[in-house]
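> Based on these hints, arrange chain L on the given structure of chain R.
Chains R and L are the protein sequences, given in the same order. By the working numbering, the letter at position 9 of the first sequence is numbered 11, and the numbering carries on one by one without gaps. By the working numbering, the letter at position 1 of the second sequence is numbered 558, and the numbering carries on one by one without gaps.
Just so you know, the hints here were simulated from the structure itself, not pulled from any lab data. Given the structure is predicted, the values throughout are model-derived calculations rather than measurements. Any given hint could be a false lead.
Cβ-Cβ distance ranges computed for the label pairs, FRET-style [claimed, not checked]: (1) L:Val609 x R:Gln56: 22 to 30 Å; (2) L:Asp595 x R:Lys28: 19 to 27 Å; (3) L:Glu619 x R:Lys61: 20 to 28 Å; (4) L:Ala638 x R:Lys28: 31 to 39 Å; (5) L:Thr652 x R:Asn67: 20 to 28 Å; (6) L:Lys614 x R:Asn67: 28 to 36 Å; (7) R:Glu42 x L:Glu619: 24 to 32 Å.
Pairs of lysine-lysine, DSS-like flavour, derived with a Cα cap of 27 Å [unchecked claim]: (8) R:Lys57 x L:Lys655; (9) L:Lys627 x R:Lys99; (10) R:Lys99 x L:Lys571.
Not the full set, but computed from the structure, chain L residues with beta-carbon under 10 Å of chain R [said to hold, decoys possible]: (11) Ile561; (12) Gln563; (13) Phe569; (14) Gln594; (15) Gln613; (16) Phe645; (17) Ser651.
For every residue, glycine included, the Cβ atom is placed at its ideal position computed from N, Cα and C.
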Amino acid sequence: QQPVQSPQAVILREGEDAVINCSSSKALYSVHWYRQKHGEAPVFLMILLKGGEQKGHEKISASFNEKKQQSSLYLTASQLSYSGTYFCGTAIQGAQKLVFGQGTRLTINP
Amino acid sequence: DGGITQSPKYLFRKEGQNVTLSCEQNLNHDAMYWYRQDPGQGLRLIYYSQIVNDFQKGDIAEGYSVSREKKESFPLTVTSAQKNPTAFYLCASSTVAKNIQYFGAGTRLSVL
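Excised from the complex, chain R in its bound form (with noise of 0.2 Å):
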């Protein structure tokens, strides 16, 4: 079942801060965040796999709650280089395979 990302797209000026949001109705395995530029391949951001997690540095971050069915993505003080498409993929126990979410577009103005 694809998971849902909110907000579908948020502009920004240069500096703002953003949080994007990915939530399932299963519990996850694990929850995998990507970032797509325009008409490029994803790049892959971070993954989590623990209730509870807490992972990446102080500029780009990210959390999965403990009933592990929520992740979030914060984006700090941004920067022109943040724009782009965010996706997270998401993985239940057992499976090989990820569901991606429908992306959050963010876009940064100087």
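Same frame as chain R, now just chain L:
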């Protein structure tokens, strides 16, 4: 340099024609995947393979076929049965253990 190579970058299909998209990886990954992306949409899984000579259907396999004769290669054929093939096609690979997927640059397929 290790990576995933997709070719061609652009492809045009005539009505009734089958076309094959190439995907090669030198990352020594066991698993490979094909996704379809429509404008403004997410990634939908067409087929995936965890081992040579074996593959599974994804969510939208109808009108597509694949083969996995070598570990490094996972070509996708878009058959004439696929009535709406215009899309951006992405190939990815991963280890089976971690499933962190690395993507190729994609092939943009259009219908003439």
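> Determine for every hint whether it applies to the structure shown.
A quick look at each hint next to the structure:
For the hinted restraint 22 to 30 Å between Val609 (chain L) and Gln56 (chain R), the CB-CB distance of approximately 38 Å leaves it violated. At roughly 25 Å, the beta carbons of Asp595 (chain L) and Lys28 (chain R) sit within the given window of 19 to 27 Å. Checked against the hint of 20 to 28 Å, the C-beta distance between Glu619 (chain L) and Lys61 (chain R) comes to roughly 42 Å, which is inconsistent with it. Hint check: Ala638 (chain L) to Lys28 (chain R), Cβ distance near 32 Å, so the stated range 31 to 39 Å holds.
Between Thr652 (chain L) and Asn67 (chain R) the beta carbon distance is about 26 Å. The supplied range of 20 to 28 Å therefore holds. Taking the beta carbon of each, Lys614 (chain L) and Asn67 (chain R) are about 32 Å apart, inside 28 to 36 Å as hinted. Distance hint for Glu42 (chain R) and Glu619 (chain L): a CB-CB separation of about 28 Å, consistent with the stated range 24 to 32 Å. Restraint check for Lys57 (chain R) and Lys655 (chain L): the C-alpha separation of about 16 Å stays at or below 27 Å, so the hint holds.
Straight-line distance between C-alpha atoms of Lys627 (chain L) and Lys99 (chain R) comes to about 20 Å, which keeps the hinted pair within the 27 Å bound. A distance of roughly 32 Å separates the Cα atoms of Lys99 (chain R) and Lys571 (chain L); the hinted pair therefore is violated under the 27 Å criterion. Annotation: Ile561 (chain L) was flagged as interfacial toward chain R, and the flag holds, the nearest CB pair being 8 Å apart, inside 10 Å. Below 10 Å, beta-carbon pairs count as interface contacts, and Gln563 (chain L) has one with chain R at about 9 Å; its hint therefore holds.
This hint is violated: Phe569 (chain L) has a C-beta 17 Å from the nearest C-beta of chain R, more than the 10 Å allowed. Look at Gln594 (chain L): its Cβ gets to within about 9 Å of chain R, closer than 10 Å, so that hint holds up. A distance limit of 10 Å between C-beta atoms decides the matter here; for Gln613 (chain L) the minimum to chain R is near 8 Å, and the interface restraint holds. The closest approach between the C-beta of Phe645 (chain L) and any C-beta of chain R is roughly 8 Å, which is under the 10 Å cut-off, so the hint is satisfied.
The closest approach between the C-beta of Ser651 (chain L) and any C-beta of chain R is roughly 8 Å, which is under the 10 Å cut-off, so the hint is satisfied.
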